[in-house]
Every structure is written in structure tokens, then in C-alpha cells.
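A.B. asks: Sequence:
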Amino acid sequence: MTKALQVNDREKTASRLLKSSAKNSYDPEVDIDWDAPLAQDQPYIPFHRSTLYGTRFWDRLTERQRVELTKHEFASIASNGLWFEVLLMQMLLKDFYNRDPRTNHAQYALTEVADECRHSTMFAKACDRIGAPAYGPVRILHAGGRVLPAILKGPSAYASILVAEELLDRFQRDQMYDERVQPLVRMVNRIHVMEEARHVTFAREEVTRRMRECNAAQRAYHQFMTALVGFCIVKALINPRIYKSVGLRPRDAYAAAMANPNWWETVRWSGERIMSFLDEVGLIGKPGMALWRKAGLIR
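Per our numbering, the very first residue in the sequence shown carries number 1; after that it's consecutive.
Think of the hints as simulated: they come from the structure by calculation, not from any bench. Remember, predicted model here, so these are calculated numbers, not experimental data. Where hints are given, some of them may not hold.
[As the list claims (entries may be wrong)] The calculated lysine-lysine pairs, modelled on DSSO-like cross-linking and capped at a C-alpha distance of 27 angstroms, are: (1) Lys286 / Lys244; (2) Lys12 / Lys125; (3) Lys23 / Lys153; (4) Lys12 / Lys94.
[What the hints assert, rightly or not] Simulated DEER-style distance windows between Cβ atoms: (5) Lys19 / Tyr221: 33 to 39 angstroms; (6) Asp178 / Gln218: 26 to 32 angstroms; (7) Tyr221 / Thr62: 27 to 33 angstroms; (8) Met289 / Thr62: 39 to 45 angstroms; (9) Leu93 / Ala220: 26 to 32 angstroms; (10) His142 / Leu93: 39 to 45 angstroms.
Where is the CB? At the ideal position from N, CA and C, for every residue including glycine.
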């Protein structure tokens, strides 16, 4: 059973979020100086968050190669964030399709879609500006993404949105004021964090409301589906092709990354807040426990 978490009236929450969106939204085309020079010696994510940090491969890299690797890790994370935001928009529009468009709730869903369109453009432009591919997910996950919006529904749809948003949010909050990180990346992170805060509020309240309406069988279904998507999100973050950028064999470097306790500590750290929430609302349970463990989000 879900705990007695407090949520506001759906229309009141949506009204507040609509007002906040009107006052505090950004246009990456205008608010980011895309022509500003990149800092050649600054990493794109902190070194200690790199997938290879602490491994024998890391020890073999020069300082310049380490910076280059973080560039491609950032591009992988950003382009996979873009991929999931495209799926998120489809899920929001599917939910909107059956809503009364006059309601604040429906209108905020459209507002969030507009935010995510700008975020997707921002991530794409960031990859292009730094000179890295938009790696996206590996082929099997890309193919699976085609069916995800069709099969996800109810609380697990919104919970899946939260897992993707809050994992990325923890990374970005940690870096947006870190002056060691590239200024362009800090600005991208800052915009995304500030606007995603509204999306997280919206999704958390939807998950809480909808889980209260579930019976035991429905809870088990949503527990499994949320864990399945969570597993795919974590696996999608790092595309093995990034390691070619520093002359490493992708298969070997990726295997080292996936065996790297420093990387898995970063994954667990990034998921602490969302996993605590999912547990509170009853979305962590036996049907999905093996997948959460494989994702590294539960020990």
C-alpha cells in the first residue's frame, strides 16, 4: 500500500505550475551563447563522475584524453536524455488526448511538452557545438523505445518520466555551479534543472494520486514496468561507442566501465531521491526488484 503522501488538488497544482512557467521559462536559442569559445582544458563532466575513473584505462589516459572522454560521455548522456524526452512527450500527448483541453491539468501537459521540445533542441545543439555525435541509445533500446509510449500507462508512465528526469537532474545539479566544468555545459544544466523542477512536481503528484487507485494486481504491474524502464534508462546513459574518441576498444572499455565500482556508486547516488519516492508510493516491490538491482539503483 502507498503511504499517506500529501498532494494538492490537481487543478490547483497545474494552475500554479502554469503561472511559474509563464514567469520562469528559457529559450536556449536566446539564453545560451552558442558562439562562446569552449575552454580547452575544462572537462564536460567532473572527472570523478567519468565511467572509467579509477580504472586501469583511466590511468593510461593523458589529461587531454580525459577531457575528451568527458566530452563524449556528456554527449551520450545528453543525447539519451533527448531520446527519452521524445518518448516522454509522446506519453504526455497520449494522456492529453483523452483530457478536457479547457482544464489547467491538460494545458500544463501541453506546456511541459513545449518545455521538452526546447530541451531536446538544446541537447542536440550542445552535442553539435562541442563537436561530438548525438550517440543516443544502442540499437535494441532505440527499437524498444518505439513501443514504450504505447504500452506504458497510468502511474508507471509518470514514474518512468520521473526516473529519467530525476537521474539526470541529480547529475546536473551537482555540476551546474561547478566552475571546473565547461561553462556551456553548466548553462545547459542550469536551464534544464530549473525547468524540470516543475515537471517533477507535476509527475510526482500524478504518480501518488494514481497509485492510490490501484489494486494489488495493478500495483504489481506498475512495479514491474517502472523497474523495466528504470533498467533501460540506466543502460542507455552510456553508449559504448564513446570510447573510440580516446582510442580505446569500445567492448573492453565498456566492460571496464560496467565493472567500475566508482561508476555504480555514481548511479546509486543519482537515484537516491527518486528511489526513496518510488518506495514511498509503493512502486518498489518484488516484481521489479531484480531489474532495480541490475540497474544498480538498489543494492
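A.B. asks: Given the proposed pairing of Lys286 with Lys244, does the C-alpha separation stay at or below 27 angstroms?
C.D. replies: Violated, at roughly 39 angstroms.
A.B. asks: Next pair to validate is Lys12 with Lys125; report whether the Cα-Cα distance is within 27 angstroms.
C.D. replies: Violated, at roughly 35 angstroms.
A.B. asks: Holds or violated: the 33 to 39 angstroms window for the beta-carbon distance between Lys19 and Tyr221?
C.D. replies: holds, 35 angstroms
A.B. asks: Given a hinted range of 26 to 32 angstroms, is it respected by the beta-carbon distance of Leu93 and Ala220?
C.D. replies: Roughly 27 angstroms apart at Cβ, these two residues keep to the hinted range, so it holds.
A.B. asks: Between the beta carbons of Met289 and Thr62, is the distance compatible with 39 to 45 angstroms?
C.D. replies: Holds, since Met289 and Thr62 (Cβ atoms, about 42 angstroms apart) stay within the stated range.
A.B. asks: Note whether the CB distance of Asp178 and Gln218 lies within 26 to 32 angstroms or breaks it.
C.D. replies: violated, 42 angstroms
A.B. asks: How does the Cβ-Cβ distance of His142 and Leu93 compare with 39 to 45 angstroms: does it lie in that range?
C.D. replies: Check failed, 20 angstroms falls outside 39 to 45 angstroms.
A.B. asks: Regarding Tyr221 and Thr62, is the given constraint of 27 to 33 angstroms on their beta-carbon distance met?
C.D. replies: violated, 50 angstroms
A.B. asks: Hey, Lys12 versus Lys94, does the alpha-carbon distance stay inside 27 angstroms?
C.D. replies: holds, 22 angstroms
A.B. asks: Would the pair Lys23 and Lys153 pass a check requiring their Cα atoms to be no farther apart than 27 angstroms?
C.D. replies: Violated - the C-alpha atoms of Lys153 and Lys23 are around 31 angstroms apart, more than 27 angstroms.
Of the numbered hints stated above, those contradicted by the structure are hints 1, 2, 3, 6, 7, 10, listed in ascending order.
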